[in-house]
Amino acid sequence: MTELIILSLTGVAALVSEFLNLRKMLLPMAILSLLAVLGLSFLHIGSEELIYNMASMDRFSRPFLSVLCVLGVLWFWGFRRFFEEEKTTSDYFALTLFSFAGAACMVSYTNLTMLFLGVEILSIPVYVLAGSRKTDVKGNEASFKYLLLGAFSSCFLLFGIALLYGATGTFDLAELQSKITSLTPDNQLLLQVGFVMTVAAFAFKVAAAPFHFWAPDVYEGSPVPVTAYMVTVVKVAAFAALLKFFQVFEGTIPQTVAWAIYGLCFLTLMVANFVAASQRNVKRLMAYSSISHTGFMLTGIFSQGEGAENLLVYYSLVYGIASLTAFRVLWYLRNEAADIQDFKGLIHTNQLAAVAVILAMLSMAGIPPLAGFIAKYRVLAAALAAGQGWLVVVGILASLLAIYYYFKLIIVMFEPSEAAPTRPLKMADRVFLWVCAALLLGLTVVPLV
Amino acid sequence: MLLLPILLIPLITAILAYFSGKNAKYMALGGSLLNLAYVLFMLYTYNTTGQETFTFSMPWLPHLGVSFSLMMDGISLMLTILSSIVMPMVIYASWNRDYEDRHVLYALMMLMDAAMAGSFIAADGFLFYLFWEIALIPIYFICLKWGGEGRQRITLKFFLYTMMGSFFMLFAFIYLYQHTPDKTFALQSLYEAGRSLPVMEQGLVMAGIFLAFAIKMPIFPFHTWQPETYYIAPTPGAMLLSGIMLKMATYGIIRWLIPVVPLGLKEYGIWLIGLSVVSILYASFISIVQKDYKRLIAFASIAHVGLISAGLLSANMRGIQGGLVEMLSHGINSVGLFFVYDIIVSRTGTAEMDKLGGIRSIDPRLGFMFLIIVLGVVALPFTNGFVGEFLLILGLFEYNQVLGAFAALSIILGVVYMFRSFQKMMLGEVKDEALNYKKQTNQETMLLLLVCVLIIGFGVYPKPILAISEKSVMELLEGIAQ
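Quick note, the sequences are listed as chains A and B, same order. Position in the first sequence (first residue = 1) + 90 = my numbering. Position in the second sequence (first residue = 1) + 81 = my numbering.
Hints may be right or wrong, so weigh each one.
Here are the computed lysine to any residue pairs in the SDA-like style, where the Cα-Cα straight-line distance is at most 20 Å [what the hints assert, rightly or not]: (1) Lys264(B) <-> Lys114(A); (2) Lys434(A) <-> Arg370(A); (3) Lys264(B) <-> Lys434(A); (4) Lys103(B) <-> His438(A); (5) Lys434(A) <-> Asp182(B); (6) Lys264(B) <-> Asn400(A); (7) Lys114(A) <-> Glu175(A); (8) Lys372(B) <-> Phe463(B); (9) Lys498(A) <-> Leu92(B); (10) Lys498(A) <-> Tyr242(B); (11) Lys498(A) <-> Gly231(B); (12) Lys238(B) <-> Val338(A); (13) Lys264(B) <-> Arg370(A).
Listed next, with one range per pair, are the computed distances between beta-carbon atoms [claimed, not checked]: (14) Pro140(B) <-> Trp349(A): 34 to 40 Å; (15) Ile96(B) <-> Met517(A): 20 to 26 Å; (16) Thr342(A) <-> Val280(B): 39 to 45 Å; (17) Pro344(A) <-> Ser277(B): 34 to 40 Å; (18) Thr271(A) <-> Glu273(B): 36 to 42 Å; (19) Ile369(B) <-> Leu531(A): 35 to 41 Å; (20) Ala528(A) <-> Val496(B): 33 to 39 Å; (21) Gly532(A) <-> Thr129(B): 35 to 41 Å; (22) Gly102(B) <-> Pro300(A): 24 to 30 Å; (23) Val497(B) <-> Trp349(A): 57 to 63 Å; (24) Lys347(B) <-> Pro300(A): 47 to 53 Å; (25) Val521(A) <-> Ile96(B): 16 to 22 Å.
Just so you know, the hints here were simulated from the structure itself, not pulled from any lab data. Beta carbons are placed, not taken as given, at the ideal position from N, Cα and C, and that holds for glycine.
Next comes chain B alone, as it looks inside the complex (with noise of 0.2 Å):
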């Protein structure tokens, strides 16, 4: 019953915020705060009380073996955290933009949270499918009513992309699903059934699933919608792509991939951690050629997951531990980096660097946030970014010390592109598109400390949030160990 409002909370809200009208940007703040108040509390009563998992099941469609259960342990609770924490910061970073419809944006944008609420506490197959895609409807419409040139077109590719990636991961599950003992979706019969699959079937099911991660992440070579796509997205769009959508898949990894086919992990995985190390290096070299800002993070923002899924498909504690931390961190850092795009552009029109210089000098307080956001993003020691990277890092060098250099590649190159875009937007000399430049505003600076706030302070103290997966992630490795 615990996690019923996980659900239904931003869905109310998204209900509320629709027939608000004028005062719907309050009436999803307020939800979303109450969400993110509500989780705390969930936080509270996991830490207190001992109890490893919440569960609640119920029967939905019995003769398709598909039941509406919900299941919150260390790892699920660590995602919904970072979705409802993120969400009152995408919804504030749009309080003073013009957007026409705001009502219907938010009630959108609250019924995306519901739904990526649901994949992360779905412990059912179907369900999460379900919530997987559901998921992919509002921000499709988002990205065609509020985006930008070429919109049409973009989110089309976006979505048929996306979607036929989870017709395989579907195909996949149903394979699972014809060979589980008592067939039914539930995740545990699901493990089992994975789990007794010889190693060839394991490793074909695997890829359908992977296939579906891939995609939503992006990986090398399955990343061609994503550029496009955040950059016609308006910018609360972007936030919720990068900062909560991808990790979907990358939760996905973790609850629906590792623990199903622990044998066609073990057998092929090198090959999606080679993959997705490629997919870090050609981002990275990507982002250091780039004109535009937003590009710039887009491809950062693929170099960051591929860390994190090479992480992850590790399969040892630091790998999945890290790659944990390093969702919640790249989720605020997103918002913070976005954020950063939305000020600058809504002064100058532009996002081009070239075209900018010397906004420090102008505005020095955005200049120094961005340069702590900045230093978030490359791991940075002391920024959250650090304990992440370093923990994926070490996890990868444990399975495989070649890929392991190479993925901590990653960090160097990450700093070269980030710190040219830093360099040349706010350093230099004053170009014209930044003449008439006015300085932040007190909403926008709020938002901005709160990012640098959680950078350093998970940087400084990661602790806590170590703790929260960590006995998740312990169990899930001895079952996949035996």
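Chain A extracted, bound-state conformation (with noise of 0.2 Å):
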């Protein structure tokens, strides 16, 4: 509850702080609020607290919800120049924090409207985000179809909640859970389908394909910062939640439902990594890069299940860690569209960005020792244990395709260029990448999950 409180206060007091005259305190007070969020869920990791039958603190949210904190901490840090260069600074801070609260929601949720809730305060900010360069055509492109399909997917999730709700008679997940074996047959059928269509509105959310198409166009179009933003905290709250949902329905997914959730595990490796190899601007290769993470995600997810959370906890830290550097190097390197040529010679002209880089490409390629390896290998190892030899196979073409796109961007790095030494990193910037590059081999070391 506290933390829920924190969050949508800090809001409401970044939108207050602009004739309170606070601008300079926004940055501060955001971070302190993720880091007091931190704190909080450190303190009380095993105590559990339900609020109002809507949302709990417990195990499973409270890991989520730090991993939220520490990505949403990395990004602010990393991305504060984005709030400096925008007249309304005050509006995206509260904006981004609101979509936060709403990320917080949906990692905690136990009623299913709460999740709905969750999913719409996480996502409209963010719609509003992705357009904030309003004289950039792309941008403005980006935003509209984030809007148009954002609000497409809702309707499959409402309509999925309403079914849910039709066969069991309940929106809270505890309840629904003890009610499914017990369903008659109609019943059971309004179920299924209902399960179905809000898996469906997930996969919209965490782009796995085919339900995809939005998400190079989206994250190409948005600023940088938002794009960073969209692949980590959003994916990461989207993930929570879905996993959360498998576990409600955990032994009793029938078995042609599963075997069409494995297909979009399977189709989801497969065409991203494949559109993915033939892309020559880096942030539509990053969004294939990101779906092909979904793929993974979802394969450990689904094959696991019950406490697949320690797994997809320590995905979604290593993949989002290593998501920023590589989209802060970008934004440092060209504000927009960057064609994989702009990273030539970044090893003569700045060997710590080229450095983060390639750390977090090849934590990304999931190559040992960067704790990507060990991301990947989980998800791979429970894919296997739950007898899905096939999709192993998969996961490891899929593998040796992205190792072949990361390390496109690594050679260019090599190459020799002409071009001036690029501007220097402030220290703020240096450290920020020294932090990522240490987590991304520490984590494997020290793997706190």
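Reassemble the complex: the two chains are provided individually, in unrelated frames, and hints are given to aid placement.
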């Protein structure tokens, strides 16, 4: 409860700060509130708190909330100039913090209405943020596309929830779970359709193929910091919610539906990696890479189900940090749409930035000793334990393809370049890259979860 | 506890070398010599205390069944000695050459040394895999940054190819892991799991693991990455690749293949050995027609490693012992061959043998020492190459006489291509490219002399080397005989 209050209050404070002339205080305030939530989550990691039967802070939600806070702090830190550039600083702060509160709802919901509210609170500010460059055509396109498809997926979600309610007569997850086994055949069918619809809505949100078509355009059109926010915080929140949803239905999912979801994993892994291999625009490449990680995360949580929290927490943290690093350097090189050639000779012009990107790419490609390897390994081990050996083979193939396109970026960085040295990074940004790099290496040695 | 410094000394040296800028070469050489001294101290402890294995274990990823456990017996010790002898030589070989950002180069080299040493002493399948992969990253960047023409494409192919192979190994390990009684990746558990499998499954597991090794060594038909990569690699990179890195695979055969799937090996091993023998002959014939000296060495390396692989897979005392000795001599000889390449190219700018000639008449010292290295490579008696190859062929003969006979051809073919290269570059008339040839420096002489001393020393008195691994190999063979 306190966590949600802190986040929302900071959002409100950000709005008020405009006429209280506290704009300079916003960044420390936002980071402090996130750190406070992180601290609270750690302090009460074992305890359970039910919030009006709508949400609960427990062993499931607290780790995810912590991951979101870590990623949030890193995001605010790394992309703080995003707020300095804009005239409407406080609005953007407020929007981000509100969407963060939505993410907190999504990871802690115990009631389907809360899930829906969380999804909307998370998404609506991001629709606005995606179009924050008002004069940019691509930005507007991205924002509009995201809004339309987001609305579309909300419909699916609502439809799914309604059907689930129709079948069981409840929105509450625990109650719903207890009723699943004792349904009449008609209601059983309703339940299954509701399940599939809800999963489809989630698939939209996490951009799993074939529901991914919006993602590359939106990621490309939005400002880099917003894209970074979408591929980290938004995606992690959606995945946590999806995992919770899966766990409710654990063991009762009919074979055909299960196969359909495995098919989703397969399709996502294949499509994302094959298309990514031919991209020349770094933002689009990162978009497809993000979709490919969706494939891995989906594979992991669906094959393991019960007890997949640790896997997902670890994967999200590692993937999030690597993404933030890559996007931070991309933003440093160029504010907008970047061709792969923008990275040319980076190792000669800015070694730290280049090494950070290399580590991020190696981690995302899943190469030891980077943390991304352990993350991917856990996913594939879970799939194998679930008897889905074929999916492991697909995952391995996907990883090989992924190495190809991640290394394309690395190779370009080693090419000689005549370009003048880029402007040096500020101290705070250097520290940011150091911290990210250290986490990517350190999370292997000391895996927290 | 005794084992940790083997990892830590190179690792710390890597970090220090990176931060010591211009003095990186002193730092790297000092660190690698310290490492050598420590390994020799280990050898001394091993010989005097009679303790057969050193172990170290620490929990790491308990929920994945992974622990950070290291183990060193005679076999591992042999390989550790190899890497710690070769490493200072590689660093010394690049002493007076101009490389951009040397501190990075040395840091990467030491990092790779740490990883390779780790793979030689890992006693956990997962850990072995980790070290195996980690070793790949520094060498990739060494070749990408300091490599020659076409490095982008070639290094990527190298990386993807080896990565693909190791995925198969990982897959096989996970499969074994699922059959372990205590759900861990520990060496003994994997052995137990592997031996409990039916023959057919053992064969499949063997194929998966062997594929990774076959690519790394490499063995025909998985060798296509190797000549190109050796060709574009900077000299220290090529020395590391052929001197130490491919031994990770041959060591892997002894530790992670033979004892894991003894039945599978007995049933289907003939195919792997057959492939290795084909590889020997194929690479030898190709060596004979090479025009470039460096490519010739690359193919010669395939031929030699094919013989090692065939001998090891015959899984008898002579084969394995021979393989171990041959690994050591191949490491030293590789450094010698690549160093000769480096010396010649730094003077003439080319290693095309038709353009060179008569170097011996200008620089007789180089000619003489190159001859000794060539003799070592072709396994003349009283050189280190002879001990290994003789035992290998003997072991293979014990296993299958026909294959042994074919493998023995490699020695004759080796004479053909090695002597041809010697003849073309060293003898005959002085060609244009070699006209302004400068004599070798004292530093170069020192290193070559060291190589020659090791070649002859091990060749004349190989007993202490053979004794290091004897007990461990015996134990290993007893283990699989049950």
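Results of checking the hints against the structure:
1. Lys264(B) <-> Lys114(A): The given pair, whose Cα atoms are some 55 Å apart, is violated under the 20 Å limit.
2. Lys434(A) <-> Arg370(A): holds, 13 Å
3. Lys264(B) <-> Lys434(A): violated, 46 Å
4. Lys103(B) <-> His438(A): holds, 18 Å
5. Lys434(A) <-> Asp182(B): holds, 18 Å
6. Lys264(B) <-> Asn400(A): holds, 19 Å
7. Lys114(A) <-> Glu175(A): Within the cut-off at roughly 13 Å; holds.
8. Lys372(B) <-> Phe463(B): Not OK: lysine 372(B) and phenylalanine 463(B) at ~30 Å, beyond 20 Å, violated.
9. Lys498(A) <-> Leu92(B): Roughly 28 Å between the alpha carbons, so the hint for lysine 498(A) and leucine 92(B) is violated.
10. Lys498(A) <-> Tyr242(B): holds, 15 Å
11. Lys498(A) <-> Gly231(B): Roughly 14 Å separates the two Cα atoms, so the pair holds.
12. Lys238(B) <-> Val338(A): violated, 45 Å
13. Lys264(B) <-> Arg370(A): Violated. Lysine 264(B) to arginine 370(A) sits at ~44 Å, over the 20 Å cutoff.
14. Pro140(B) <-> Trp349(A): 34 to 40 Å: holds, 38 Å
15. Ile96(B) <-> Met517(A): 20 to 26 Å: For methionine 517(A) against isoleucine 96(B), whose Cβ atoms are near 22 Å apart, the range 20 to 26 Å holds.
16. Thr342(A) <-> Val280(B): 39 to 45 Å: holds, 40 Å
17. Pro344(A) <-> Ser277(B): 34 to 40 Å: holds, 36 Å
18. Thr271(A) <-> Glu273(B): 36 to 42 Å: Given range 36 to 42 Å: holds, Cβ gap about 41 Å.
19. Ile369(B) <-> Leu531(A): 35 to 41 Å: violated, 47 Å
20. Ala528(A) <-> Val496(B): 33 to 39 Å: With a Cβ separation near 54 Å, alanine 528(A) and valine 496(B) fall outside 33 to 39 Å, so the hint is violated.
21. Gly532(A) <-> Thr129(B): 35 to 41 Å: holds, 40 Å
22. Gly102(B) <-> Pro300(A): 24 to 30 Å: violated, 54 Å
23. Val497(B) <-> Trp349(A): 57 to 63 Å: holds, 60 Å
24. Lys347(B) <-> Pro300(A): 47 to 53 Å: Since lysine 347(B) and proline 300(A) have Cβ atoms about 49 Å apart, the given range 47 to 53 Å holds.
25. Val521(A) <-> Ile96(B): 16 to 22 Å: holds, 19 Å
Violated hints, in rising order: 1, 3, 8, 9, 12, 13, 19, 20, 22; the structure is consistent with all others.
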